[in-house]
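Produce the complete structure using the sequences and hints provided.
Chains A and B supply the protein sequences, listed in that same order.
To convert, take the position in the first sequence, counting from 1, and add 1; that gives my numbering.
To convert, take the position in the second sequence, counting from 1, and add 1; that gives my numbering.
One should not assume that every hint holds.
When chains are identical, the list treats them as one kind, so a pair holds in a single copy or across two.
[Said to hold, decoys possible] The list that follows gives simulated cross-link-like pairs (lysine-lysine, PhoX-like), each with its CA atoms no further than 20 Å apart:
hint : residue 1 : residue 2
1    : 558       : 15
2    : 502       : 614
3    : 502       : 563
4    : 559       : 529
5    : 529       : 539
6    : 637       : 529
7    : 637       : 502
8    : 423       : 434
Because the hints were derived from the structure by calculation, they are not lab data.
Only a predicted model underlies this, so the values are computations on that prediction, with no experimental measurement involved.
Listed below are the residues making up each chain.
Number of protein chains: 2
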Amino acid sequence: MNIEQKNGSTVFKKTSDYKPGRNWRNYLIGRPLQTADAPQQTIGKFLGLAVFSSDALSSVAYAPQELLLILSVAGVSAFHIAFPLAIAICILLAILILSYEQTIHAYPDGGGAYIVARDNLGEIPAETAGAALLTDYILTVAVSVSSGVAQLVSAFPALFPHRVIIAVVLVMLVMVINLRGVKESGTFFAIPTYYFLVVMYLTIIVGFIRFFTGSLGLVPNAPQDVLNLHQTLEPITLFLILKAFSSGTTALTGVEAISNGITAFKEPRSTNAGRTLIIMGAILGSMMLSITYLANKMGALPSEGETLISQIARTIFSGQGVLYIAVIAATTVILIMAANTAFADFPRLSAIAANDGFLPRQLTYRGSRLVFSRGIATLSVVACLLIILFQASVSKLIPLYAIGVFLSFTLSQAGMAHRWWKSGHLLADQQIKERGSTLVHEQGWQFKMVINGLGSVCTGVVMCIFAITKFKDGAWIVVLLTPLLVLIFSTIHRHYKNLAKQLSLDNFAPSPRIAHQKVIMPVSGVHKGTLAALRYAKTLSDDITAIHISSDPIETKKVQEKWELWGDGYRLVVLDSPYRLFLEPLLAYIDEIDAQKQPNEVISIVVPQFVPKHWYTSLLHTRTADTLRRVLLYRKDIVILEVPYQVN
Amino acid sequence: MNIEQKNGSTVFKKTSDYKPGRNWRNYLIGRPLQTADAPQQTIGKFLGLAVFSSDALSSVAYAPQELLLILSVAGVSAFHIAFPLAIAICILLAILILSYEQTIHAYPDGGGAYIVARDNLGEIPAETAGAALLTDYILTVAVSVSSGVAQLVSAFPALFPHRVIIAVVLVMLVMVINLRGVKESGTFFAIPTYYFLVVMYLTIIVGFIRFFTGSLGLVPNAPQDVLNLHQTLEPITLFLILKAFSSGTTALTGVEAISNGITAFKEPRSTNAGRTLIIMGAILGSMMLSITYLANKMGALPSEGETLISQIARTIFSGQGVLYIAVIAATTVILIMAANTAFADFPRLSAIAANDGFLPRQLTYRGSRLVFSRGIATLSVVACLLIILFQASVSKLIPLYAIGVFLSFTLSQAGMAHRWWKSGHLLADQQIKERGSTLVHEQGWQFKMVINGLGSVCTGVVMCIFAITKFKDGAWIVVLLTPLLVLIFSTIHRHYKNLAKQLSLDNFAPSPRIAHQKVIMPVSGVHKGTLAALRYAKTLSDDITAIHISSDPIETKKVQEKWELWGDGYRLVVLDSPYRLFLEPLLAYIDEIDAQKQPNEVISIVVPQFVPKHWYTSLLHTRTADTLRRVLLYRKDIVILEVPYQVN
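Shown next as structure tokens:
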């Protein structure tokens with residue numbers, strides 16, 4: 002123990018011996034972990050791809066289908082536009098990958114859109130990026146799980162009526178897994194991701210072989226439900242094409258995941274992360290193109306009942322055999338893994354934002370398993386509500402999705418562009434330490450600025466297209482929600498800043514020592530509890546006034562007689578309450594005393610409170626202390642003490 | 002001011018100047034009344050009959066109809082049994098009136114079943130009477146209001162689909178009137194009651210004249226809905242007759258009202274009350290017989306759509322003219338008045354029972370208008386629930402009704418019989434002061450005992466008949482509920498008795514004066530709020546230990562540095578919490594200190610608590626003091642002080 006340090010204060014250090022016991026929560030989510038147990042493992046490119054790409058790669062399970070779904074209002078003949086649109090999406094993907102590769106090198110400690118916007122664009126853009134991302138993580142869970150369930154339902158149509166409950170149960174399962182704490186490394190991620198890659202490429206390759214050898218026919222019994230909805234066909238307008246393009250861009254969600262998690266990579270981590278990003282981009286692009294092409298050629302149709310992946314798989318593998326089941330299983334699992342990614346990102350981002358004072362501080366608290374449990378719980382609950390509200394329909398959820406992602410892309414790239422501009426205006430040996438990274442002068446900053454600028458403009462344009470074309474279908478919810486969230490974040494931030502300022506000890510002159518305590522003790526009856534409170538009150542001061550609010554003369558007489566016997570000679574004020582009120586006369590009396598108070602005096606209200614053994618019996622008593630506390634908490638220099646007297 | 006009384010205590014007396022302000026509640030229920038404003042008016046027989054008879058007299062609006070309804074399962078031919086049953090009911094009424102007349106003289110201060118059972122039979126019978134009566138007051142409201150609405154619906158069939166909502170609105174209206182406080186006197190009661198009497202007797206007299214002159218035909222278009230329900234007729238069994246008899250006895254509910262309200266009568270109050278009771282009995286009996294007889298002769302049929310009263314009125318007055326409307330209006334109003342009687346009785350009885358410790362004490366509190374507001378609110382809410390549950394159908398509510406009344410009759414009369422036996426065994430000049438009355442030797446106690454005994458046996462038999470014949474139709478609810486309520490009352494009573502015993506100062510030896518305070522002050526950060534708490538803590542003791550639970554080393558370092566600067570040299574214990582918990586390590590530490598405590602020491606936990614201006618911002622903070630208080634309240638000799646620091 003280090004005694005008598007510096008100006009005389011004595012600081013003792015000790016580690017608590019408290020060990021959490023066993024209970025149902027530990028049973029469900031595992032035994033509590035010590036802070037020192039936090040894993041510090043890093044991973045290479047092979048595992049990195051597995052850990053961070055499930056969100057992006059799984060998009061191919063729904064993006065081509067949603068693209069076709071939009072075109073279907075113009076009839077089957079419009080489907081020939083799908084492949085050119087897929088190529089446009091891949092060009093956008095390439096621009097994004099280039100942009101993000103630069104971000105990864107600039108922010109080796111993690112460069113999510115929120116951090117980049119905060120450091121380079123300011124508070125409001127940071128809040129906007131935060132709001133957009135948090136909204137989109139929730140939608141990632143809802144869309145991915147819904148799409149996963151849709152794959153299952155394609156293989157087992159009997160499950161169709163139960164899809165909402167299955168989706169909710171899956172979200173809960175992922176929640177519990179995340180509350181236990183997933184190690185973002187290792188084979189847990191690698192096996193399903195690589196399994197998905199192998200199965201998907203196998204499907205695509207077999208598909209192309211059969212197509213070029215001419216043995217690939219059309220989808221047998223392709224589901225007609227969506228086509229039948231449109232009796233009169235709409236013309237192919239620019240609006241329709243842009244709307245279809247927007248739906249297809251949902252394939253790009255999840256591309257930013259690696260930039261959030263750079264610290265998980267082995268050194269040189271920026272290089273490793275950057276290369277992983279490029280590999281992921283190549284895989285995603287090739288899959289997107291292949292699936293759209295094959296689906297088109299084999300006449301697969303978008304449907305609520307059977308997914309495009311299911312139609313492709315059963316056509317390529319000629320029926321619902323082992324390989325078909327393998328494709329469905331792989332797709333379902335990768336979609337659930339994608340939801341799992343959001344479960345890593347949402348709590349982390351909300352903790353960062355909470356630490357910056359934009360969200361309630363409680364979100365920074367790490368639970369017993371070292372995860373941000375409150376963020377995890379919030380995410381699960383909201384995602385489940387969305388799933389229930391939208392009946393686990395991917396097509397209904399898609400219009401809300403991806404606006405947030407593209408908004409965050411735009412802000413992130415704009416922030417990066419601004420950063421390059423700042424970097425270009427530094428001297429060669431100058432360094433600026435920002436919160437998320439260190440800024441130095443870089444060669445070729447103009448070129449890099451152009452790349453990020455291009456990325457920002459492109460994604461910005463896509464976001465606008467998305468918001469406009471999907472506005473009526475549900476995008477309006479996000480368009481309204483995002484500014485509302487920004488407003489909430491700002492309000493919270495202002496509250497915390499104001500609080501910190503008011504509590505700050507800068508230029509603080511301590512108040513004079515308290516010279517005198519006035520004790521007021523409300524007494525409803527004289528019993529052991531009252532005397533226990535009086536015994537305590539005596540240690541505070543000799544200026545004690547017991548006060549009895551009288552509305553029943555018989556009761557009052559008893560109190561008075563007993564006080565004369567047991568009150569140790571202290572003052573008893575009997576305050577007659579003609580309206581039978583208790584609180585108001587007492588408060589009026591306290592006000593009176595308060596008005597005469599000296600600056601170095603404090604009023605202590607000592608409330609005798611007997612505490613019954615069982616909490617529910619408190620329904621049989623008026624809890625005076627609680628009521629008084631609620632009211633007096635807002636009054637300066639009044640302290641309420643509840644002296645408990647335990648009754649068995 | 003009386004200074005220095007008896008053993009040196011100083012008692013000051015004062016009347017609070019607090020005047021309640023204006024708010025929406027005052028606007029709704031009127032300005033608050035001072036306790037001294039309580040009315041002390043007494044009334045004579047004429048007004049007494051009006052005030053106390055609405056419950057009893059209004060029963061004729063449903064009792065004959067419900068009697069016929071039961072008989073209808075055996076077809077129209079069974080209706081000839083109705084009149085003999087009505088005579089049997091009148092004989093029972095006569096016995097009851099005789100019995101209660103004796104109660105009124107024995108209990109000039111009010112002799113409700115609860116008081117008579119409590120004073121003469123003991124605790125469990127008193128609780129049973131209380132439970133039975135409280136249940137039945139609720140049913141009185143539900144049945145009377147439902148029947149009132151049924152009268153309205155008979156005249157205006159278009160209202161039928163809205164009957165539940167009309168009934169609920171009426172209950173709410175009666176609630177508000179009662180929360181304002183009804184003066185149980187004056188013309189408010191006299192006008193509708195005497196209006197009802199005049200209109201009913203007019204109807205009956207005109208009916209008999211037309212019947213005996215042969216000009217009274219059958220009911221035109223008598224409603225067939227109930228008859229059509231029974232395609233196959235049941236035989237007339239003893240069970241059926243007894244069941245019909247039970248339904249008819251609901252006419253006797255409300256007979257006990259006068260015995261509850263004797264104090265409201267002018268002196269000689271027992272004589273006045275007794276005579277009023279006899280007059281009421283005569284009116285009730287004559288109406289019951291007349292209506293049953295006339296209904297039979299004119300072929301009126303029980304129905305859900307049109308009441309018997311409506312059929313009789315439109316037959317006697319040949320159509321739905323002014324006189325018909327007058328009858329419907331009078332019946333509806335008297336039924337609402339009957340509900341109003343329950344609103345006087347339920348709160349009064351629950352306050353008496355609460356004062357005896359069988360119900361939560363809060364029920365004894367008189368609201369701003371000097372009425373037992375909480376009892377009134379409880380009654381309204383439960384009655385409305387019943388109305389909604391039973392869709393305002395009198396026939397569905399009737400099987401639950403009247404068992405409670407007859408149980409209370411039985412207990413009350415049995416108590417009276419026992420009282421006469423006690424009275425007979427006193428010496429001529431002996432007096433026993435019981436809680437509700439004074440017991441003296443009375444001449445002819447044997448005869449009086451026989452009368453009350455007969456009343457008890459008769460009502461007991463009826464109660465059993467009622468419970469058995471109606472068991473399946475809903476009586477089982479009451480049969481199960483009553484013992485459950487008795488159990489709850491006993492449990493509450495035991496709790497209060499135990500509490501009083503534990504708090505009692507009999508044979509109490511005061512604890513030694515507190516010699517030393519150990520102050521523990523949890524500190525999460527060092528700011529103005531912390532220093533305000535420290536300033537207060539210094540007035541308690543010099544033995545102050547600040548304790549910081551550390552789960553973030555950076556935060557801890559800041560706290561430690563600031564404490565060294567501002568902590569005035571007091572101890573700071575830094576308690577490292579490896580599991581990031583706050584409460585548990587702190588409690589473990591307090592336990593440690595607690596274990597070493599001397600008997601004359603007390604531990605005070607001083608919790609600094611900054612108080613934001615708006616309550617809702619408290620969502621953004623962890624309210625440590627609240628959590629600690631909840632846990633430490635149950636620990637002996639630990640006091641929690643929350644020192645508030647107000648932030649603007």
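ask   = At most 20 Å between C-alpha atoms: does residue 637 with residue 502 qualify within a copy, between copies, both, or neither?
value = within (19 Å within a copy, 39 Å between copies)
query = Within a copy, between copies, both or neither: where do residue 502 and residue 563 come within 20 Å Cα-Cα?
reply = Between. Shortest inter-copy distance 16 Å satisfies the 20 Å Cα cut-off; intra-copy 50 Å does not.
message = At most 20 Å between alpha carbons: which applies to residue 529 and residue 539, within, between, both or neither?
response = This pair counts as within: shortest intra-copy Cα distance 15 Å, inter-copy 28 Å.
message = Cα distance capped at 20 Å. Does residue 637 pair with residue 529 within a copy, between copies, both, or neither?
response = Between copies only: 13 Å across, 31 Å inside.
message = One pair to classify: residue 502 and residue 614, alpha carbons no more than 20 Å apart. Within, between, both, or neither?
response = between (43 Å within a copy, 14 Å between copies)
Alpha-carbon proximity between residue 558 and residue 15, which holds within one copy, between copies, both or neither at 20 Å = between (54 Å within a copy, 14 Å between copies)
ask   = With identical chains treated as interchangeable, where does the CA-CA distance between residue 559 and residue 529 reach 20 Å or less: within a copy, between copies, both, or neither?
value = within (15 Å within a copy, 45 Å between copies)
Alpha-carbon proximity between residue 423 and residue 434, which holds within one copy, between copies, both or neither at 20 Å = within (13 Å within a copy, 98 Å between copies)
Comparing the model with each numbered hint stated earlier shows that all of them hold.
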